[in-house]
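> Here is what each chain is made of, one letter per residue.
There are 2 protein chains.
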Amino acid sequence: MTVLEKINSPQDVKTLSLQEMNTLAQDIREAILNRVNTIGGHLGPDLGIAEATIAMHYVFDSPKDKFIFDVSHQIYPHKMLTGRKHGFVDSSRLQEISGYSNPKESEHDHFVIGHTSTSVSLATGVAKARDLKGDNYNVIALIGDGSLSGGEAYEGFNNAAELDSNIIIIVNDNEMSIAPNYGGLYKNLAELRNTNGQAQNNVFKAIGFDYYYVEEGNNTEKLIDVFKKVKDTNHPTVVHIHTLKGKGYEPAVVDKETYHWTTPGFLNNKEASVQAETYNSITKDFLLDKKQKGEPVIAVTAATPGVFEFNPEFRNKMGKNYTDVGIAEEHAIAYASGLAQNGAKPVLALMSSFVQRTYDQMSQDLALNNSPATVLIYWGGISNADMTHLCTFDIPLISNIPNIVYLSPVSKEEYLAMLEWSYNQNEHTVFIRVPSTDVVSYETADNTDYSQLNKYKLVEKGEKVAIIAAGNFFGLGRQVKEELKTQLNIDATLINPRFLTGVDFDMLETLKKDHSVVITLEDGELDGGFGEKITRFYGNSSMKVLNFGSKKEFTDRVPLEELYNRYHLTKELIVSDIKGIL
Amino acid sequence: MTVLEKINSPQDVKTLSLQEMNTLAQDIREAILNRVNTIGGHLGPDLGIAEATIAMHYVFDSPKDKFIFDVSHQIYPHKMLTGRKHGFVDSSRLQEISGYSNPKESEHDHFVIGHTSTSVSLATGVAKARDLKGDNYNVIALIGDGSLSGGEAYEGFNNAAELDSNIIIIVNDNEMSIAPNYGGLYKNLAELRNTNGQAQNNVFKAIGFDYYYVEEGNNTEKLIDVFKKVKDTNHPTVVHIHTLKGKGYEPAVVDKETYHWTTPGFLNNKEASVQAETYNSITKDFLLDKKQKGEPVIAVTAATPGVFEFNPEFRNKMGKNYTDVGIAEEHAIAYASGLAQNGAKPVLALMSSFVQRTYDQMSQDLALNNSPATVLIYWGGISNADMTHLCTFDIPLISNIPNIVYLSPVSKEEYLAMLEWSYNQNEHTVFIRVPSTDVVSYETADNTDYSQLNKYKLVEKGEKVAIIAAGNFFGLGRQVKEELKTQLNIDATLINPRFLTGVDFDMLETLKKDHSVVITLEDGELDGGFGEKITRFYGNSSMKVLNFGSKKEFTDRVPLEELYNRYHLTKELIVSDIKGIL
Chain A
34 MTVLEKINSP QDVKTLSLQE MNTLAQDIRE AILNRVNTIG GHLGPDLGIA EATIAMHYVF
94 DSPKDKFIFD VSHQIYPHKM LTGRKHGFVD SSRLQEISGY SNPKESEHDH FVIGHTSTSV
154 SLATGVAKAR DLKGDNYNVI ALIGDGSLSG GEAYEGFNNA AELDSNIIII VNDNEMSIAP
214 NYGGLYKNLA ELRNTNGQAQ NNVFKAIGFD YYYVEEGNNT EKLIDVFKKV KDTNHPTVVH
274 IHTLKGKGYE PAVVDKETYH WTTPGFLNNK EASVQAETYN SITKDFLLDK KQKGEPVIAV
334 TAATPGVFEF NPEFRNKMGK NYTDVGIAEE HAIAYASGLA QNGAKPVLAL MSSFVQRTYD
394 QMSQDLALNN SPATVLIYWG GISNADMTHL CTFDIPLISN IPNIVYLSPV SKEEYLAMLE
454 WSYNQNEHTV FIRVPSTDVV SYETADNTDY SQLNKYKLVE KGEKVAIIAA GNFFGLGRQV
514 KEELKTQLNI DATLINPRFL TGVDFDMLET LKKDHSVVIT LEDGELDGGF GEKITRFYGN
574 SSMKVLNFGS KKEFTDRVPL EELYNRYHLT KELIVSDIKG IL
Chain B
34 MTVLEKINSP QDVKTLSLQE MNTLAQDIRE AILNRVNTIG GHLGPDLGIA EATIAMHYVF
94 DSPKDKFIFD VSHQIYPHKM LTGRKHGFVD SSRLQEISGY SNPKESEHDH FVIGHTSTSV
154 SLATGVAKAR DLKGDNYNVI ALIGDGSLSG GEAYEGFNNA AELDSNIIII VNDNEMSIAP
214 NYGGLYKNLA ELRNTNGQAQ NNVFKAIGFD YYYVEEGNNT EKLIDVFKKV KDTNHPTVVH
274 IHTLKGKGYE PAVVDKETYH WTTPGFLNNK EASVQAETYN SITKDFLLDK KQKGEPVIAV
334 TAATPGVFEF NPEFRNKMGK NYTDVGIAEE HAIAYASGLA QNGAKPVLAL MSSFVQRTYD
394 QMSQDLALNN SPATVLIYWG GISNADMTHL CTFDIPLISN IPNIVYLSPV SKEEYLAMLE
454 WSYNQNEHTV FIRVPSTDVV SYETADNTDY SQLNKYKLVE KGEKVAIIAA GNFFGLGRQV
514 KEELKTQLNI DATLINPRFL TGVDFDMLET LKKDHSVVIT LEDGELDGGF GEKITRFYGN
574 SSMKVLNFGS KKEFTDRVPL EELYNRYHLT KELIVSDIKG IL
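These protein sequence lines map, in sequence, to chains A and B. Residue numbers for the first sequence follow my numbering, beginning at 34 and rising by one. Residue numbers for the second sequence follow my numbering, beginning at 34 and rising by one.
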């Protein structure tokens, strides 16, 4: 029997000997490897935090004492110690437990969390509520693994320091973000590590925290000693622990970036298949070409270069023409505005879910200044993602900001034409929704001057029904056209709108002549999205309009097919809806 | 002839003697007082920065050297020294010059800026572009007066520290934000002031900046000395200057908060009229009542308590049940989620323009957790504001986030009923758009349980035309109804939707029976807003729908009447549009 098998709640941890705790850490690592190898997930961060989590549960009394996990991608060990180990050891039940903090799973989780840098702010609120009510317990935030660079974290630290009561912030310093750390703060962490916490420059002390350093952050005994010291303290305290990301699985220690998050099967050394062309490779080739021509191109990411396959080889080739700002999306946008206004050619790459951090920067720093930056939005669209990582909201988020041009290519050729146009122009802030589909080749050489804003492309002229199919759903639009022909013998019109930010008044007006129904297809939330702009245009006419896209809701790991059925995003369901109003 | 009269460009500053520069500072102060007393504006911040601005222009070479002003509400002296003094001394031309940085006004301004905490990020981009192109000059950001607490500033500092080249950040430490400073960082600034810059704890050094301190930040000579030292430096540098906010106008020195920004006529000691009841006073009374009952209410603001008239008297009465987090809107939202999840009753007050900072926090920290916080959005609606301070975007911003309930009261009674309901419930994250109108009394005692989401209120049942008039525009809706009666003898239906976040399917369905036109009125941007949801509902029917609101555009100090005409937001224009489709 493993030690982990005996653990059903944090109470069971408190009865263990030190030796048993060390064995438990190994059991936990095996369980992490089992889960991630089977269904994928965060590997390096969780392997590194096993001892600290055990020590936390040994010293503190969860759920009375409240643990708040930043990003919560380091929460696997905590889940195993709080009644959810079946999500890691029982291969038939892995999917029952999510990879993130979720109060619906356990009273030991206090928030749904998935984006970075929120824990200190949330914990400050929890602690302040405790004080207002006159209660008495510990509030502990665990932050690190790159999250310290986000502005929300800093705002949280700044205000947590004002609490005249207990808050304990454990800074898990594993020398990494997702990619290597970047920024002045991380220099200070290094200085503190190199001096065993004694460096004169100490950003935490500077803003008012009591400070403890634990060099051996994977040593349960030493962690327990320090946690005991800070338990029940009556003032804001930082415990800086130095851990080894990936500990216990050597490849994850050696290549921390690759094994931060991984897909299933990595233990079996699945051979990487020969890479077909992807929109990632197309983007990288475009950027390298500009760099090689000596142009002032600059690729900018915010801590997730892996999403775009901006691997070390690519980064080395780009050299000073590449900046990873760390987890600091707001800065990335404003930085791009500064770059663009001073004659450089910034191309930002951001995930749809994380661009949510930057509404005000998109509006004030970029759009209001018409700064000619190019921002690439990746992974936009409906998916089976965790509810914290949905990518369905970027069209409502971005497309209603004045001045921004949001383009939605449907093929390789169109994507490249849009990139090239955006890169070379100086009048507009341009966003491009990189297709989430496989690469489709489809010549659109005509009309690649996008400076005539909001000119849609009439792909095939028909009658009765017009299909305006944006981006990822252009293929679905074609299918609907074919289905209309098959089922109803209707030769529908097919339109690629290209622009998500406006309406082609002339084209829509023309459609009134020989169409009675217009449908819109967009791979994202309908509320506030693209289709509603079309519907509003036709509000004063007899044109009937149906909008297809996702509902306004947070979905949590719902299979894509189920969502497509729910939202009527199949050719059969769409044609059926059209029949209903013809 | 004053010294200021002789200054037509920064070149003229460079020829002045120290004594002339000191006289110039006085001339500048008089001009500031003249402008602000005539048309209103930022007083304290600009009075305090006169000497520093003169010294900057004396030492550096604008526009080759690039000054980037944070918030840019401290830019008046810079404007006077760069060819725009007529906007301060010539009473007939004050309106020609805006109160914020604007490249269209002068080559000495590099960005449109109005929100806080952006300057360091923008400057980092400008400097990096300079380096990529192999150019050589100084990039100087002037930040302070509270802006340091914003997360974007911190992200900027963190990454500016990585520049291996020139960037100079002048931290204007006037011991104030708009209201008094809050947060750990400001404790460190105080420590540095108290030690003449020598304190061991130094947050700027900790993250990698070279650091200079100027205690006499209103002493031109000392400023010039230090600026000369750091000019052309090849690494990131902070110059921390200690200035006196309001210098030269004693009331603004004594009461820094009141005179941060002021309306015209303050020099004449305009007597404050007896305050009528306002939505501000209603809100304060509500909060104080909860506090006096011993409830765990907590009012939260982000550095702009004056907007809500949360004056020192109110703050003192609220005591520990009030937190001003400083300029840190993201933290404010996450903090509220922590408070709400732990049983306190947070009521946040935010300006529409500044809630833009928090999309991701609204979505992830609040909505995804259904945290029962109440967020009050002030000043929402179309106005003659500067383009940086528009309040027309909050409905598209907030209303498309799943789970959020965004309420739009039309009267005092309804506002109080909504506040009370939101405060007492535990299921939803609730936003309330505080009316921007005068207080209207209008009994809505029936149906004040808003937990039945998206139930609209049928105010007057009519036929043919239905008017769905939200929030501030409910009064306009009434006017339209009367005008329809007068002009067309139509008894229109009048609906108060109450909810901005959803559609009352039953009521809209019922309208189909005896209405052929529905119009929506909302005080904000149409794209992605409330009305489009109604239009989408009717897309598959023969109902005609007209949406009235503002266009997707940044407007800059355009008179309200002009905007109302542009957007057809008068009863005459609306009825004319209705006639066009009846």
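Heads up, a few of these hints could be off.
In this list, chains with the same sequence are indistinguishable; a pair is considered to hold if it fits within one copy or across any two.
List time: in silico BS3-like cross-link candidates among lysine-lysine, alpha-carbon distance up to 25 Å [stated by the list, open to error]: (1) LYS490 / LYS220; (2) LYS353 / LYS546; (3) LYS324 / LYS166; (4) LYS545 / LYS488; (5) LYS166 / LYS353; (6) LYS166 / LYS39; (7) LYS490 / LYS261; (8) LYS545 / LYS584; (9) LYS238 / LYS220; (10) LYS497 / LYS47; (11) LYS584 / LYS612; (12) LYS220 / LYS97.
Keep in mind that the hints were calculated from the coordinates and are not lab data.
> I'd like to know which numbered hints this structure contradicts. Please list them from smallest to largest.
Hint check: 1, 2, 6, 7, 10 and 12 fail, others pass.
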